[in-house]
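There are 4 protein chains.
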Amino acid sequence: MRVAVLGATGTVGRTFVRLLSGHPWFELSKVVASEKSAGKAYGEVVEDSPEEFEELEIVSLSDFIKDPDVDLVFNALPASLSLEIEERLAEKIPVFTNARVHRYDDDVPILVPEVNGEHLELIEVQRARRNWEGFIVTTPNCSTAILTVSLAPLREFGIKRINVATMQAISGAGFSGLSALAIQDNVIPLIDGEEWKIENESRKILGKLRGERIEPASFSISAIATRVPVLHGHTEAVFLELERGDVDDIKEAFDSFDPLRKLDLPSYEKPLVYTDVPQPRLHRNRGKGLTVTVGRVEKGENGFKYVVTGHNLVRGAAGGSILNAELAYRLGYLK
Amino acid sequence: MRVAVLGATGTVGRTFVRLLSGHPWFELSKVVASEKSAGKAYGEVVEDSPEEFEELEIVSLSDFIKDPDVDLVFNALPASLSLEIEERLAEKIPVFTNARVHRYDDDVPILVPEVNGEHLELIEVQRARRNWEGFIVTTPNCSTAILTVSLAPLREFGIKRINVATMQAISGAGFSGLSALAIQDNVIPLIDGEEWKIENESRKILGKLRGERIEPASFSISAIATRVPVLHGHTEAVFLELERGDVDDIKEAFDSFDPLRKLDLPSYEKPLVYTDVPQPRLHRNRGKGLTVTVGRVEKGENGFKYVVTGHNLVRGAAGGSILNAELAYRLGYLK
Amino acid sequence: MRVAVLGATGTVGRTFVRLLSGHPWFELSKVVASEKSAGKAYGEVVEDSPEEFEELEIVSLSDFIKDPDVDLVFNALPASLSLEIEERLAEKIPVFTNARVHRYDDDVPILVPEVNGEHLELIEVQRARRNWEGFIVTTPNCSTAILTVSLAPLREFGIKRINVATMQAISGAGFSGLSALAIQDNVIPLIDGEEWKIENESRKILGKLRGERIEPASFSISAIATRVPVLHGHTEAVFLELERGDVDDIKEAFDSFDPLRKLDLPSYEKPLVYTDVPQPRLHRNRGKGLTVTVGRVEKGENGFKYVVTGHNLVRGAAGGSILNAELAYRLGYLK
Amino acid sequence: MRVAVLGATGTVGRTFVRLLSGHPWFELSKVVASEKSAGKAYGEVVEDSPEEFEELEIVSLSDFIKDPDVDLVFNALPASLSLEIEERLAEKIPVFTNARVHRYDDDVPILVPEVNGEHLELIEVQRARRNWEGFIVTTPNCSTAILTVSLAPLREFGIKRINVATMQAISGAGFSGLSALAIQDNVIPLIDGEEWKIENESRKILGKLRGERIEPASFSISAIATRVPVLHGHTEAVFLELERGDVDDIKEAFDSFDPLRKLDLPSYEKPLVYTDVPQPRLHRNRGKGLTVTVGRVEKGENGFKYVVTGHNLVRGAAGGSILNAELAYRLGYLK
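Residue numbers (full-length UniProt numbering), protein chains in the order written: chain Y, 1 to 335; chain W, 1 to 335; chain E, 1 to 335; chain Z, 1 to 335.
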């Protein structure tokens with residue numbers, strides 16, 4: 001299938017391009033960016049471009065919209081540009097997007113393949129309601145992606161209540177999103193909108209599909225999001241109350257969580273690995289960035305606690321989105 | 001009063017020496033360290049020594065023990081050396097210590113002046129039980145000191161439950177305690193013994209003095225402690241359930257918290273300042289390091305949340321200990 | 001004297017304001033910034049404002065230009081805004097500026113008081129040529145300021161040749177000048193225009209006043225400028241060839257360099273201190289940021305080598321500029 | 001060939017093990033470390049062990065010495081342990097070492113394959129003089145390795161004089177060699193012995209083999225070595241005087257430098273790549289860490305200047321040593 005990456009020169013866009021290099025199913029045929037870069041070779045603008053895409057000419061967004069001519073779109077544009085463009089493209093073409101603008105629509109799934117693959121059925125609802133040939137599938141916000149992978153195997157124990165404090169990497173803020181003078185030797189405990197996203201997206205992702213909509217999970221959740229001086233890899237300290245189960249049950253559930261192994265998706269890696277002390281620099285590249293590392297599970301006075309870390313640009317953005325497309329392909333949603 | 005600092009060349013010891021420079025009540029007359037440094041001028045071993053102490057000759061620990069000849073001791077020795085030495089000194093001299101070894105004794109207070117000054121009454125219990133002329137007063141572990149200052153004004157609302165994730169600075173691990181290769185571009189979510197200390201020391205500090213012992217506070221508490229690449233300043237994300245009160249009550253309680261203002265202690269600073277986004281690099285030196293900065297108070301699904309940051313070496317160690325001695329002096333415990 | 005700081009909310013401007021707090025000669029009466037901040041209290045916009053200036057209302061640049069009504073201006077505006085504004089103000093008022101736009105004018109000194117105080121005589125040339133009542137005095141680029149302070153005492157040995165590699169702090173790039181994602185865990189060996197400035201400003205500063213102009217020093221100089229992940233404090237590795245002198249002569253010259261001691265300027269500190277291993281984090285605040293630290297002097301195969309470090313925002317910008325004004329005041333250039 | 005890595009659990013040792021994973025010629029059959037680790041599985045001690053070596057049992061150094069039973073030894077032990085051990089092993093077995101203890105022996109080459117492959121002929125001298133069946137080949141100190149790769153193509157222009165300032169990564173100091181509190185937000189311009197090594201090893205490596213010894217290159221060289229807060233990748237600012245040639249000649253020489261391409265060594269990568277702004281985080285992994293990145297070549301008043309960066313653990317240690325062994329193998333020195 002011929003695919004395009006929109007916003008291909010940004011932090012997430014570059015990750016899409018890197019991960020699509022050598023992909024067995026998806027052939028990157030268009031890299032789309034702003035007018036400023038249009039016409040240049042991708043390797044001229046992005047220094048660390050994979051060799052196979054160095055010569056690919058960057059297409060301007062306005063030109064692309066006029067004549068997409070691809071089978072699939074990955075969107076890494078900022079939210080401000082995405083609303084209209086995604087809807088227009090979805091009339092004809094499947095759109096897998098990292099933007100937040102459609103995440104909270106009733107008929108659009110926020111997909112983490114290992115967690116809620118069945119939410120892909122909303123595609124049919126979308127197509128029916130909106131009269132589209134394509135569709136929109138979103139990835140969650142990066143810290144939510146990492147959190148929900150760790151929560152998925154614990155659903156069987158009845159999740160009642162979550163408090164989560166995140167320590168997020170600077171690459172999550174985009175290339176020029178965070179000033180060095182702000183974060184050097186510092187922790188910044190404010191990331192606009194992040195806590196709301198973590199709370200609401202988690203409930204939707206872990207919710208149940210009921211007819212044409214998703215019934216959000218019933219747990220209560222409270223998040224504090226902070227930025228720390230780490231390049232890549234979001235780390236999260238999780239306090240959790242369950243209806244049943246003990247520490248050994250939780251570890252066993254983490255260890256055995258491998259739900260899509262049989263589907264043989266090209267990018268699939270074991271989604272969760274248990275390690276005594278998960279650390280972003282040591283573990284962010286596990287499973288090519290798709291594996292989330294969990295550890296320090298203990299029982300405390302307020303239920304359980306554990307720590308989880310994962311690659312924000314791969315598991316939390318581009319890698320998750322490609323996995324979404326692979327699942328959709330395998331399940332027949334891409335003709 | 002003539003005072004000595006034990007362990008004067010370590011990270012906490014240097015902070016003691018710096019803070020005692022120009023102190024109106026306490027005159028630093030002995031700096032005590034290992035045999036290796038003994039006999040050298042303090043300024044020769046410690047590059048950033050205050051000028052007034054540069055010429056002070058370092059005394060070896062063994063020589064000091066034989067003939068202390070001071071009115072007061074501040075202890076910054078590691079736990080492994082402190083147990084015996086503190087007890088021997090306390091037979092004659094008041095000891096204010098940063099070591100953990102006596103913190104959990106029934107008759108020894110873990111003191112944070114603004115929080116539990118009345119626990120100083122345990123000094124009489126100590127003296128009676130142990131037949132000492134001196135006594136031992138401990139400071140809490142650094143992250144506990146910062147946390148309890150922020151919890152103290154909230155006691156009136158009935159603290160039921162706390163989950164706290166810490167992001168601790170590297171200076172908390174001592175000068176050679178943490179390898180650069182370990183923490184560079186990383187978060188390490190394991191600090192040995194720290195979580196237990198936060199949980200148990202908080203309950204003791206916020207507990208009530210009942211006759212000859214302290215009844216620990218009844219809230220439940222669970223901590224996850226992490227290390228982040230920040231030089232000084234521990235930051236803590238706090239999830240909190242109260243029996244009553246709302247966000248405005250909490251902010252008002254933070255703002256008006258200033259319990260020892262009238263005592264006119266030389267080092268005293270307003271212990272708590274509210275700021276929208278507390279950050280260790282920006283706020284660690286507030287109130288010469290004794291002021292704790294709190295912010296981001298919000299109501300969430302699981303009660304309240306807020307963030308607090310403070311200087312681990314000052315509020316969390318040497319500065320807190322000097323404030324302890326000042327309070328004891330003001331209240332007449334130092335003759 | 002009533003003074004204004006232009007660009008008072010930027011990185012350098014804030015440093016000006018901080019250093020003017022409690023100044024015995026200069027009373028900060030106007031803080032000038034963009035329209036966006038105009039009308040707000042300074043403490044509302046700048047969180048760490050000195051208390052005494054928190055209530056000062058920010059004046060917009062356009063309003064200020066219409067009616068300056070001060071005796072002296074410190075300029076921390078970007079170069080793009082400075083050319084015209086400085087010239088207009090200088091018609092009536094002395095301007096001490098950190099901007100580069102007038103540094104290379106024949107009749108404008110680049111002043112480092114301890115190095116080339118006599119260049120102040122160019123003020124008369126300016127006034128005569130330009131028919132101004134005021135004048136313009138510039139500070140050098142930050143790394144040049146630090147370098148020239150270390151070179152000044154070596155002039156007596158005949159400086160022939162300099163190669164200098166700088167390791168510059170991120171605060172030199174302004175608040176939003178450098179992306180965290182660019183510099184985290186990295187060295188960036190390119191700072192636009194910096195090498196040219198170091199080379200040419202050094203020669204002018206160390207040059208001799210000949211009648212109405214400065215004859216640049218005759219040494220040859222080559223610079224490589226790099227950015228490193230340090231908050232404040234530029235460090236420079238200097239390779240130097242002299243006509244005469246040995247290592248002891250150089251150390252002695254560094255130690256005894258204290259040229260303006262007798263003038264009793266309010267901000268003056270010994271400009272140079274020798275230390276075995278100069279380091280930005282340990283030494284940047286020496287002498288309130290005005291003292292430059294030098295060390296590691298050795299003789300090698302290609303002449304001498306040494307390392308120098310100093311505070312880029314204080315010695316290298318605002319502090320140097322205030323010292324310039326103090327010298328001008330003392331020497332009678334401010335009536 | 002069956003190979004052993006001595007000091008396999010240290011920073012350089014781990015890099016050897018990682019690079020030997022899947023090596024077509026060298027089969028890692030023994031990982032050797034201290035008594036403390038002996039008997040444990042390699043993967044138990046080293047968390048990020050390559051899968052294929054996780055189960056390999058660690059052999060103690062003393063046991064290994066008694067019965068090496070391998071065809072080749074890579075040594076990553078500290079200098080203090082290496083002198084005697086290397087000599088004893090070399091009686092029978094070829095030793096490729098990262099330790100400095102034999103680097104300055106007349107009959108031992110400091111080898112950088114692309115630079116001075118012909119120095120391997122010293123092996124015959126060693127064998128004759130010392131009556132050994134094996135031999136010792138050393139790698140240079142890490143910053144020297146990177147520097148000499150960049151100097152090699154410039155030999156044809158007549159190198160007269162070099163001043164070099166290094167900015168070295170923390171991994172060069174070993175796992176616990178550098179305290180986080182020392183280097184965080186800092187530059188440390190002192191690395192013991194480093195400057196002497198750079199100066200003397202460079203001349204030997206770029207020297208000419210004359211009969212049984214190497215005549216050092218005749219250029220003069222002076223180095224200032226600093227440590228910066230970068231994880232991996234040493235960066236060097238080089239000031240250089242040549243007898244002839246201009247900037248274009250230098251760039252052309254860098255671009256075309258690819259001396260061993262034809263030998264088809266398994267680890268070989270183009271040793272030098274030209275980039276506008278070389279940066280350690282962006283370029284340290286080029287060519288799997290064996291490619292050195294050079295850029296910013298300019299002509300200045302004191303000759304030329306440029307910047308070079310490379311991976312200190314790969315090009316500067318383990319990777320260079322493996323390449324040495326590959327060259328020796330290809331040239332028939334390993335039977």
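Hints are computed from structural coordinates only; laboratory data are not their basis. Bear in mind the structure is a predicted one, so any value in this text is a computation, not a measurement. Check the hints yourself; a few may be wrong.
Just so you know, same-sequence chains aren't split out, so a pair can sit in one copy or run between any two.
[Claimed, not checked] The calculated EDC-like cross-link candidates involving lysine to aspartate or glutamate, where the alpha carbons are at most 20 Å apart (straight line), are: (1) 288 - 105; (2) 40 - 276; (3) 299 - 192; (4) 30 - 54.
Which numbered hints turn out to be false for this structure?
The structure conflicts with hint 1 only, although it agrees with all the remaining ones.
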